[in-house]
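Could you use the hints to bring the two separately framed chains together as a complex?
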Amino acid sequence: MFAENRSLPIPMPGYFARRSASAKTGLHLLMASITSMFLLFFISYILRSQVSDWQALSEPWQPLGQTNQLWLNSAFLLVASIALECVRRELRKPELGNSREFLWLAGFATSGFLIGQLTFWNYLTSRGYYATSNPANAFFYLLTGLHGLHLMGGMVAWLIANTRLQRERRDPSEKGLCLATLSVELCALYWHFLLLVWVLLFALLSSSPGTYAAIAEFCGFGG
Amino acid sequence: MAYADDAEHEELHDPTSFWSRYIWSQDHKVIAVQYSLIAIGIGLVALVLSAMMRMQIGFPGSIDMDASEYYQAMTMHGMIMVIYLLTALFLGGFGNYLIPLMVGARDMVFPFVNMLSVWFYFVSVIVLVASFFVPGGPTGAGWTLYPPQAITAGTPGSEWGIILMLVSLIIFIVAATMGGLNYVTTVLQARTHGMTLFRMPLTVWGIFVATILALLAFPALFVSGVMMLLDQTIGTSFFMPDMLQFGIKTEHTGGSPILFQHLFWFFGHPEVYIVALPAFGLVSDLISVHARRSIFGYRMMVWAIVWIGGLSFIVWAHHMYVSGMNPYFGFFFAVTTLVIAVPTALKVYNWLLTLWRGNIHLTVPMLFSLAFIVTFLVGGLTGLFLGNVVVDIPLSDTYFVVAHFHMVMGVAPILVVFGAIYHWYPKVTGRMLHDGIGKLHFWITFLGTYLIYFPMHYLGIQGMPRRYYLSEDYQFIPQSAHSLNEFITVVAIVVGISQLLFIYNLIYSAFRGPPSGGNPWRACSLEWLTPDTPPKHGNWGPSLPVVHRWAYDYAVPGAELDYTPQTTPASEVPVHESDEDEVLPAN
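Heads up: the protein sequence lines correspond to chains A and B, in order. In this text, residue positions in the first sequence follow the numbering used here: the first is 113, and each later residue adds one. In this text, residue positions in the second sequence follow the numbering used here: the first is 696, and each later residue adds one.
Just so you know, the hints here were simulated from the structure itself, not pulled from any lab data. The structure displayed is predicted, hence computed values, not measured ones. Please note: incorrect hints may appear among the correct ones.
[What the hints assert, rightly or not] Heads up, incomplete: computed chain A residues facing chain B, CB under 7 Å, no partners named:
#: 1; residue: H140
#: 2; residue: Q167
#: 3; residue: L190
#: 4; residue: N234
[Said to hold, decoys possible] DSS-like cross-link-like pairs, simulated, lysine-lysine; straight-line CA separation at most 30 Å:
#: 5; chain 1: A; residue 1: K136; chain 2: A; residue 2: K287
#: 6; chain 1: A; residue 1: K136; chain 2: A; residue 2: K205
#: 7; chain 1: A; residue 1: K287; chain 2: A; residue 2: K205
#: 8; chain 1: A; residue 1: K136; chain 2: B; residue 2: K1231
#: 9; chain 1: B; residue 1: K1231; chain 2: A; residue 2: K287
Glycine included, every Cβ here is placed at the ideal spot set by N, Cα and C.
Next comes chain B alone, as it looks inside the complex (with noise of 0.2 Å):
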């Protein structure tokens, strides 16, 4: 905080055109709609490919569409939905608009590397959609990418396909690394006077802690993405062995495909976590504020983010104990994931003793918030089958894998996505998204997914395998099966539909929703004490705000009213620091 007295003085970048304030704009909050619009834009092609998909495993050939063609729409929407999706809204979205807000910063450290990250985000999403248009179409390896069959002869996309998805995820990597470097020096060094760590909201944590895990497990993605290039381009042999392509023995000699796993699950894991996290944080700050109740908790809460984020590292081959590994690795790394699920768990409970008793509101972020506890719960207790080998192996590759990380990495961040966007939307634009509509989307979202992934459990444990193109005339697949999925799919056409309320909502409000005033939920937190609605460029005015409590002051006994801004001294409203001064509810 030594640095927030000479930030009021600091160089403001102010716009001075339409280029220069909405297109270059080095402004985070012009950069955090940037990347979401890009996100969500993105994120609608993934979801129409899974629309596809559902099409042909519901009603086989009831739409023109191939094995390969099958293979690549299954590649594509998970990589987009992971990687250009959920990642990018999480630190680029969120993470730019929230984090100098919640920590009273002007605004990024480095705003113009800051504008540069988007642009490089919005380049490897045109060169990744490129693959669309370019001969043999998108790669079709799964989004594992796993060579030797990644770049072989009769997968989809084996030549230009991969080569641009590479190439995308390599300058992907430059864009989140130019966006990370950004978050975490922000919070560690433009907060503003009295914002220690511990008096930050749990999105700043959940945020700051999944930057730092991007920093470190990108480049592992980096790695495995120049060399699969360099064996597909130049015909090195990193990761290619001995084979025959098409009864035909390649050039390449020795390679390890095994090593490319590694690498892919060491990025690929903290991945999980680095979409997880964030959203843990965005989902404690939406259930103190609509439960008007202080967040139970708050030193565990922060602690379990970090402890999450550490452990990260040390379970990625979980994912691979089908590829013949050592038997004690198998056991060291079933340990360390059964090991995760005790701050998860803690994260769980904080957020159900925080409701307890709680003054709970029913509004849209809220009912968002409750569906994400139940989806995480559901996904993560699935985790821990998968987590154990013995239990892994015969579930390994079929719809029981499907439905864990659809509901615990799919479901359950989207959930907290819409909330905190009906929850934000207000600071953003001005103007609340529309009530009715919201609640309409969320219970065609909620039940929804629930109908079309709950299923899913059962038909693995039934032994319907994952990624097959045609799943008729298997003796192993039951009749119910066939109808299980149609039922899915008519389920999934559905929601997947009804997002389109959920776009309407976003676009009609923008012009025509109520206005909202400054602080419209009465939450505590900086991001709504601005003097302007929407936020002006350099956030604060002429001075940055003063700080004296954490973010989580609500019903504190004695305070007229039920919510105590982050700004009010401690003089007006006692001082309630942390978990340790628990606050009873004033009922």
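Here chain A stands alone, though its shape is the one from the complex (with noise of 0.2 Å):
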């Protein structure tokens, strides 16, 4: 259905460095509207925990005031990102290095913090915190399933990488291995920045109402 490729002779280094930077500046760019969207989430976030129905999560009899689950996640997360990075090194190194390992290990921690948050969902449904029984909740829900659904999209692109890794495998090339590298770059680029918001994020939702307040305070709507 789609037009084929005709690629014409390429001198590798040149074309892969053009794509490359192409491919990082759009990565750059869609990092910038993320950002842009999870400091709006963050700053409604504070604007509403300054009304009285707010219930925040954190209070010590809370959920959030046991966190061993999302430091768990966060660990996950954590591997996932410096497993990319390996595999960003190790792609350096003669024959591909451990780079195939290192990426599983990446596939396999980032699918381990996913299912790690659900878990906590699950948690929080069957103590009866559900997202409309009070805004916190809803914000809790909303934030980290947003987060989750930008990390599944990078899941794509990690579901490529392996594919132009394992192929580079079989049947090494220099464009193969340009592609590869510029797949493994650009994810873990995209798994660090999410690490980070992750880190904002749980920060945020595990912060004590006090701290809301303070915020708040300092941005001119405090209640």
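Shown next, in the form of structure tokens:
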């Protein structure tokens, strides 16, 4: 259905540099847009937290009073991010080093993070913390859900990187190596970004109501 | 430009069938036409809706329209015009067609994503149109979709209509983001040899900065849309406060409608410039070409675009003066709003100074450009009124506001759209539009829109409220206002019908128009220098063009022609970069 690709003779390093620069610029712009979205969610969260019906999840007797599960999830995402960085470095080694193993580790760790987040959702609902029960709950589901969706989008890129890496192992070529490297570099950058977003998100969600009030006061819309 | 060397060897996605050439095309030019046709099509729907509203306002009861239908027409008209017509046409239409051609690229850098963008846009339009056919019809909440009213029973379309509107907007944002990544990256990474940022035509600058605004501002609409969707569907309370609905307490508690307003306008005001900045860029090029005069103050124009884009993010709450905000905030937003008039005025002065002593050709594109300047001036000046809190409060929710925003971001950008289509149509089709029909279309549109919107300022000052379905039997609305409304309605119908001239011209000239040749306007910028007209896939044949100068070398002293294309080497005609070496007209 789609047009066939017609590749002209390519001086690879130059072509790769161009494609790589374009892809990275595009990803940076996408991350800027996603940052804008999460920043606006964060501000909305702080503003909404100042209304009297807000029941913070971070009080000691509330679900986020115990954050062991979320710390474990964070560790999964951190491992995924480090593993992708390792893949990036391994690709420079002869025979591609242990790139395949690290890439699978990144995939498993990311899946672990997503499953961990779903587990915590399940824990919340089992204790009766539904999205409609309280705005704090709704924000928790919404923000962690959107973060997870972005990570799942990243998993599509991870699949492409994995496919390209497998192909490069089977049938090595300069072009194949360049494309695999580019995919991995983009994945690594995106995962680092989503790790940073998660760290900020985790900090926000698990902060005390006093912290929200202080931030709200600082922003000029304190209660 | 380091990458331009390799662009000559890049992968091309040559179409091999009708489907890959015209439907699932990855060619930026085809995608631009697809965007434009969809936008014009849905724009015509919005035009019909406005005609229906005008009939109700001018001649109440003359058509079968109840109050709910009136509000639904009003809402859909506003949203379609702002988002689905103007934004899509400027970025998806003109951006797609002109950016690669003007910067000397073979295509957008991510052609597949570009193709996805237009199809997501199409789906968003389909979802929007589907809301006309669901139980309760489309939302009638007004284009700002303010909660709680937007999702409260009693508001038309508060069940299915609003859901489809929000889903459609979310899909549109995905489409705009995919397109936007392409436009900005192409400008940054795919410029040809010698095409520095400060040699780019102002059209590219306008679309480039507007796209950056879109990438940063559309998330605000996304955030507010998602939260309202959840409030409506699963019963969260992000925006919905404690309230009674038909005397019964709803399940919502404590939500903040003002939060929605902040988010909406954090998107909404940059949106004004997402539409205006491309218009500024396009009209700058039209004026320069048709006045045979280098653009005055090129660098100033570029920085004004950037300045306006930056400021547009800190003025949003001037749309909320009557929401009960802290007076200090009102003062802050009034100041930033008035400051934005400075770079805007610079641009108007520079357009006038470009025309000054120019060899003005009153072609159809130039007529539309001149009309834009005066229309934008009127709309901009009334913006100064509304930017001041003390003036805005009595004028808020009156026809003065309707007049202002229709002049400044309705009529003015549409005039540029028309001018730009008359200007670039020969490149797209290889044929000229009919000049006589074009001039008739221009005069009816220009004079007609003035007759429609200028009197609305007086209606507003008289206190005539906007959004009223029926304005009879109110003591504070005099009979003269009703007479004026009748007059406006008659003119609006005439102007609306006259747009068929434009549609006819587009279709007729595509087959019967005189061949245009490659560069009918004798313009300097790259898009007119393609080896084929219309340009073939890949745009430039075997090798990319090499740029030696800016896009505005008109009437260079000593040059054989009154225009010097960007590809002319300095050895043939001296290079006069930007306004620092202002080029005087030959006469």
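Comparing the hints with the structure gives:
A cut of 7 Å between beta carbons decides the hint on A/H140: the least distance to chain B is about 9 Å, and the hint is violated. About 10 Å separates the beta-carbon of A/Q167 from the nearest beta-carbon of chain B, more than 7 Å, and the hint is not met. Taking 7 Å as the C-beta contact cut-off toward chain B, the hint placing A/L190 at the interface is violated, the least distance being around 26 Å. At about 17 Å, the closest approach between the beta carbon of A/N234 and any beta carbon in chain B exceeds 7 Å, and the interface hint on this residue is violated.
In summary, the hint linking A/K136 to A/K287 is supported, as the alpha carbons are separated by about 18 Å, within the 30 Å threshold. For the proposed pair A/K136 and A/K205, the alpha carbon gap of about 23 Å is at most 30 Å, so the pair holds. A distance of roughly 17 Å separates the Cα atoms of A/K287 and A/K205; the hinted pair therefore holds under the 30 Å criterion. Restraint check for A/K136 and B/K1231: the C-alpha separation of about 29 Å stays at or below 30 Å, so the hint holds.
Between B/K1231 and A/K287 the CA atoms are separated by roughly 28 Å; this keeps the pair inside 30 Å, and the hint holds.
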